[in-house]
Amino acid sequence: MSDREGPSVVPGSDEDLSLPKATVTKMISELLPNDITCAKETRDLVIECCVEFIHLISSEANEICEQESKKTIAPEHIISALKRLGFESMLAEVEDVLKDHKQLQKDREKKVSKFEQSGLTEEELLAKQQELFAASRARFEQGQ
Amino acid sequence: LKNKNKVTKFPVARIKRIMQKDEEVGKVAQATPIVISKALELFLAMIVDEAHQVTAERGSKKVEAYHLKHAVERTDMLDFLKEIVEAVPDPSAGGTIDVEAENGRGEPGKKKRGKAKAKVAPEDEEGEG
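Protein chains in written order, with our numbering: chain A, 1 to 144; chain B, 1001 to 1129.
Read the hints as simulated data drawn from the structure, not as lab findings. All C-beta atoms in this analysis are idealised placements derived from N, C-alpha and C, irrespective of residue type, glycine included. Any given hint could turn out to be false.
Stated by the list, open to error - Beta-carbon label-pair distances, calculated as ranges: (1) A/L132 <-> B/F1080: 51 to 61 Å; (2) B/E1023 <-> A/K99: 25 to 35 Å; (3) A/T25 <-> B/Q1030: 27 to 37 Å.
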């Protein structure tokens, strides 16, 4: 998973855990009209607000998770947390992202199982692939 | 060019680390930070929009920190950010007279999340791990 982390990711430093300035700066400029700029101080403040938002949602989701006697915070807990905290306007898009992610996972699993179910060993599959390439090359050369 | 069609996104692993900074938070499903990332995008859009409204109302072309502060103060949904914006100074011209802010200026040792000026970019700083 490529996360576009900053150039120096220091695993040990938990204290000033924040969001990448460059990323946030870019997002803010994508949101504002072309003739409006954002002060650096404001950008830094926005980052603090975002981090606080993460804590707010996580804390609420954690409570919900415990209420359900679960050990792992699931996306559904986040969705409930957003509801509880009055961020209903976000629900539609957030649920969409979850749906897309689940579909992606399903597709990945399907690909893997197709490979496992083919009943052929890796060598046999490799041989088959070579055959297909050769056949395709032959067709191509014939067509030239 | 590769990212031409992609919108800038928050780093998912970083979100997970921020979540787990809270000791109460235990295990987190893989999809969870992804979902939070989306909510965060929407949240960012919301506060930038609210702040920009204040900017426009004041006839300014630059979104200042105190614009964001005023946006927080007048939007219920952003209540939880009151402490964070508290320390932002109000310019005396045209600012609302806020008794709480005046008293808060002494900064009575409230938990600070790194004030903008003093804060060094986290990416540049070596941690004391």
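Tested hints:
1. With their beta carbons about 59 Å apart, A/L132 and B/F1080 fall inside the hinted range of 51 to 61 Å.
2. In this structure the hint that B/E1023 and A/K99 lie 25 to 35 Å apart at CB holds, the actual value being about 32 Å.
3. With their beta carbons about 28 Å apart, A/T25 and B/Q1030 fall inside the hinted range of 27 to 37 Å.
In the structure shown, no violation is registered for any of the earlier numbered hints.
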